[in-house]
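There are 4 protein chains.
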Amino acid sequence: MRVLIIGAGILGSSAAYHLAAQGIEVEIVDEAHQGKATMAGAGIVCPWATKVEEPEWYKLYEAGTRFYDGLISGLKARGETDLGYGKVGALVVAEDRAEFDAAAERVARRTKNAPEAGEIRHLTPAEARALFPPLREDFDAIHIPGAARVDARLLSAAMVRAAVSMGAKFRSDYVTLKTDGDRARCLDSTGKEIAADQIIVTAGAWASQILRPLGLDHPVVPQKGQIVHLRLPGVATAKWPVVLPMSSHYMLAFDDSRVVIGATRENNSGFDYRVTAAGELEVLSAGLKIAPGLANATLIETRIGFRPAGETMNPILGRVPGFSNLTLGNGLGAGGLTIGPFAGSQIAKIAIGQTTDIPLDLYAPKAS
Amino acid sequence: MRVLIIGAGILGSSAAYHLAAQGIEVEIVDEAHQGKATMAGAGIVCPWATKVEEPEWYKLYEAGTRFYDGLISGLKARGETDLGYGKVGALVVAEDRAEFDAAAERVARRTKNAPEAGEIRHLTPAEARALFPPLREDFDAIHIPGAARVDARLLSAAMVRAAVSMGAKFRSDYVTLKTDGDRARCLDSTGKEIAADQIIVTAGAWASQILRPLGLDHPVVPQKGQIVHLRLPGVATAKWPVVLPMSSHYMLAFDDSRVVIGATRENNSGFDYRVTAAGELEVLSAGLKIAPGLANATLIETRIGFRPAGETMNPILGRVPGFSNLTLGNGLGAGGLTIGPFAGSQIAKIAIGQTTDIPLDLYAPKAS
Amino acid sequence: MRVLIIGAGILGSSAAYHLAAQGIEVEIVDEAHQGKATMAGAGIVCPWATKVEEPEWYKLYEAGTRFYDGLISGLKARGETDLGYGKVGALVVAEDRAEFDAAAERVARRTKNAPEAGEIRHLTPAEARALFPPLREDFDAIHIPGAARVDARLLSAAMVRAAVSMGAKFRSDYVTLKTDGDRARCLDSTGKEIAADQIIVTAGAWASQILRPLGLDHPVVPQKGQIVHLRLPGVATAKWPVVLPMSSHYMLAFDDSRVVIGATRENNSGFDYRVTAAGELEVLSAGLKIAPGLANATLIETRIGFRPAGETMNPILGRVPGFSNLTLGNGLGAGGLTIGPFAGSQIAKIAIGQTTDIPLDLYAPKAS
Amino acid sequence: MRVLIIGAGILGSSAAYHLAAQGIEVEIVDEAHQGKATMAGAGIVCPWATKVEEPEWYKLYEAGTRFYDGLISGLKARGETDLGYGKVGALVVAEDRAEFDAAAERVARRTKNAPEAGEIRHLTPAEARALFPPLREDFDAIHIPGAARVDARLLSAAMVRAAVSMGAKFRSDYVTLKTDGDRARCLDSTGKEIAADQIIVTAGAWASQILRPLGLDHPVVPQKGQIVHLRLPGVATAKWPVVLPMSSHYMLAFDDSRVVIGATRENNSGFDYRVTAAGELEVLSAGLKIAPGLANATLIETRIGFRPAGETMNPILGRVPGFSNLTLGNGLGAGGLTIGPFAGSQIAKIAIGQTTDIPLDLYAPKAS
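Residue numbers (full-length UniProt numbering), protein chains in the order written: chain A, 1 to 368; chain B, 1 to 368; chain C, 1 to 368; chain D, 1 to 368.
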């Protein structure tokens, strides 16, 4: 059995890692272009605070969260050190008191049976600032110790590296698919076929173009995000919690004195790779309002990512009707880094004919 | 009449400019990804020295050269200043004496009826170094005053700018095509159709993926080039000639104290966007051997481009059989910057039903 | 006579160019560090609108303006093309009506005897937007056709290049000075003396450290500026006027579809090379308020410059008391690009014992 | 007691960390310019193979090596994770058999009483390639398991971060010193004094300019190094050993699929911040000759560093004669990353009047 994976984002790299770990022959092909959601992604693993109330989707969100501990310890056991993952906790804050109370209620309700969330506490502004010093002086906060943050770029690279060390092949190229009876066949950019028994397409926002030659209308479009990276020279930020202000923006920190403010959600920009004046202004304004202590931070870069957004909250995970060798993973949207590693492991199972850990029929691709 | 152009490289931007100048409504869609041949391209406009002996193709090569004067003066008349074009002449050199003599013979023969090449002279090493000071001390040279160099990135941007100032639209996006009877239809990345009476695809090495959904097997593959840019701080290089050492490498200079050494020709790398250790070593070795005076130059960047290479030397220019609204331009290979602006103007004519300036039937796309 | 110039900013490069043009032997030593005012500088040559009312200083400001025409034509005559200079005019605008009227009065008064300013007109908002399309819809404007903008990085490089082509030497190094009787001596970073009959120090905000070993307390400190560069893809901006909103911010455009918004004026940041969250936010907010049409522009970079600010508006230009071979140019502050080329030509004259074009005694360095 | 440290390279950051850990009030001032030796430095901690035979200096070299274990565990205990340090072992190789045998003898002799070097083994080419796969196929190697590599940029940042978390202050600025009786006083770039009881100058290759105003002729000059960084996408390099080919070049790997080839040793370039054509060519040629398997690696960047080189191998560590409050650390040259952390801890002791761990009188600064 030889599995070809098209796209080395969080889904594809997780699928590759889990297949390689089972001894399956894997080849990963990835176009090293800019703008991948995974590569820009500063992810938050914290299902408990979201305003979204969709029970089925929430199951997946929780499963994704629970999956992380095993993934991280597995990668560490294989010698990977640079994972970008930290269980640093989260602070839920809100400008509006009613919104804060509603968030407190949601968190309490959802964590009741989720011991992995840790002990939820209501912090005073001083306690909150002790954990995240740049925070506004008048914000109290709900503290969720079990939340984590992840640098998707590092985590994906680590999963690919681990896959390669177990025998997977990796190459940078641009591929096309064509139909051959009930099979999809994959050609590299020089027109040569890449041999594969099964093909997994995890091409994120770019999948439409790859799937079009198969006659598939893939209902995923790019949602552009602009994400600002700041540095606080000399400041130890590795343990700072994620800040969730119950708006579309958020903040989190990484080990290297870096704080990230995310993100615009631009639905009609198409694949526009540019940092824009208005996007940068929006994110910086939102960030400095919540955390005025970041005013003097160094602006190091603004990353652009295109989240693959489906028509509903639901991802697309499963075999493509009409093809005997084609599995898709896509449409994780803003939840990509929470759900991604788990979902990647599941489509790996689907591709090689194993049963998934939880039922995923709801997410099966539709016939075009 | 509304023409949609997919790809804003040298071909697409020329087509857009020439259509807009005729008052035609134009929309240009371009994915701002890395690695475009045009964007990396440091071009040489000098048909007279090439070793290739293909009479039909040579006609196109010459027509492309003759086209430049009018193009440049037209753009200047529209207020464009930053064109990256300079008629700086060329020095033909060779390590091997027999190769040098053969080149001298070719140049003499081909320029006999080409007054635009200027007066061909055989220069002593001292005369050659007076024109291009870093040159090896023992190289004599054939001087062709009518040769030019062009920074394709600047020239394309100027043609797009001129088109936009005459009403053309420009956007950065990733599109897909689908078949609708005898017409191609174009969808943007959000799945919305982009209205167009005629579609011109000038997507270079990426065209296969765009054309695959139409059932077309487009015989163009990427040929990777790594191109080194050096700077000589304080040195006025604007008038330095192109150096053609009769190998696959070459050298040319730009206004801003910059000297460019090109390029690897990698046929089986696919879309591999990376500067490689061996590629950089190859180009620097070749360059310093020919021009040891560049040893202390600043290495400012190495650009990657993917030349769209067809199965033969011949480009693909014309209407696609079986479609009433689809025109292609592609496959210019290493001759892209010589032929490109002319060829772009011709496919513009083809798309709107005008007669081309010279017969181009030879280059018409084949039926798949 | 051999003149050593320390610092290749706008002052030093102008001095070098004017000395080399007289056949004087010149060596320029420059540390290629970041943050030079000249290198970040997007300059405006428009003395007529400033709120500053200092008659003596204004004479210098005017002389600097008048100097440009000859400088530019001289450089062009020497084959330099990439000068970054454009006489594009200026639009004076103001949010406050009283401020606008006061500016109109100042401009009228000052341009009465300044035919080089061109015909001053009061434009309607529509007329103003015809010249600078992103401008706010309700701003009328005073139009000063004779104003110019200059990319200091390009202009300095062109003057250095022209100097080098006339025989000047240029090197990148870090030097120190020491006293030897009534002479200053200059050592390079390896401790070797650089021979010179006369030394000109044009080291901008860095001069204090260079002059300290001579026992000089040089009264110039860095004023940090953060300057945002935007791009409007496909838009021909080469002829857009400078926008002067009568605040500390301003806007101007360059040939390559680029618009620049300047700048913070940070007096107590010392040499802090960082783009900061608050600085970027300040400049983008100010810019988009005046020109909301820039919202979708690409943010390409933010440059940092340290303007050399003296204790008063007055620059420091002249021989250092107590030394027979030391001339200074410094302290031009925010007027550096207006005054710089002229002032550089004048300190060149002072260094070789010629009479200046206007009396400059007022600006002579004080004894420490 | 308040100690001011000028320069946050490996020496200054170590001094700051060790002072802060003792509860001493510390301020670190650092100009964030390019080219610092520490910032470019890819360091090797392996005293046993060097050709240099200088018994006194070797003691320091060994002490520096032994110091690392405690330093690393101390930083980890304080929560620092991103240290760039790995005890990955070293492979000594040589093109010339006699050279190889001499190296084998040296290593055997020096490690006899150095259990920290681990068990020295002679590896076959296949064994050597198992540890460092890109290595030439015919190289056998001496394996020294106790050797380590360090990313000086990360280690310095971690020590500064740890110091700041214990109360140290950090700022980016450019300072000058002046004499006041038997004391040095430090002014920031705005001319304000920075209060300090003791001043430590660890300004590396830049120290001459800082010390000149005190009348000190500091015998340290910059030795330029160009260092190439490659990436092997998908390859787990974290455990690859250092390769020491007994020439001035070397190779080592970091966690993120990165391999570093160092470095030129340019003694007369002064502060020339440029990557040069010849420098890049030299390093790539040397690297690919030793490790041809790197041919297809990605070239990600070339870093420039200026090693502070004294007149002898000996560093300068100690109090400056004639001053009651001035301590220097400098001149570590190519051994900076081996000796630096230890030496930093020792000049910290000297500055506050403590006894050093080993006698360092030999390295005391001379009177000027």
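A portion of the hints provided could be inaccurate.
Any copy, or any two copies together, can satisfy a pair, since identical chains are not distinguished.
[Said to hold, decoys possible] Derived pair list, reagent style DMTMM-like, types lysine to aspartate or glutamate, alpha-carbon separation capped at 25 Å:
1. 239 - 255
2. 289 - 266
3. 76 - 282
4. 178 - 140
5. 76 - 53
6. 76 - 101
7. 87 - 361
8. 59 - 197
9. 87 - 140
10. 178 - 217
These aren't lab readings, by the way, just hints derived from the structure by calculation.
Checked hints:
1. 239 - 255: both (8 Å within a copy, 21 Å between copies)
2. 289 - 266: So residue 289 and residue 266 pass the 25 Å test inside a copy (21 Å) and across (21 Å) alike.
3. 76 - 282: Neither, since 38 Å and 38 Å both go past 25 Å.
4. 178 - 140: neither (56 Å within a copy, 49 Å between copies)
5. 76 - 53: So residue 76 and residue 53 fail the 25 Å test inside a copy (34 Å) and across (41 Å) alike.
6. 76 - 101: Cα proximity of residue 76 and residue 101: none, with 39 Å in one copy and 39 Å across.
7. 87 - 361: neither (31 Å within a copy, 49 Å between copies)
8. 59 - 197: neither (31 Å within a copy, 48 Å between copies)
9. 87 - 140: Answer is within: at 21 Å inside a copy they meet the 25 Å cutoff, but 45 Å across does not.
10. 178 - 217: Intra 14 Å, inter 10 Å, cutoff 25 Å: intra and inter.
Of the numbered hints listed earlier, those contradicted by the structure are 3, 4, 5, 6, 7, 8.
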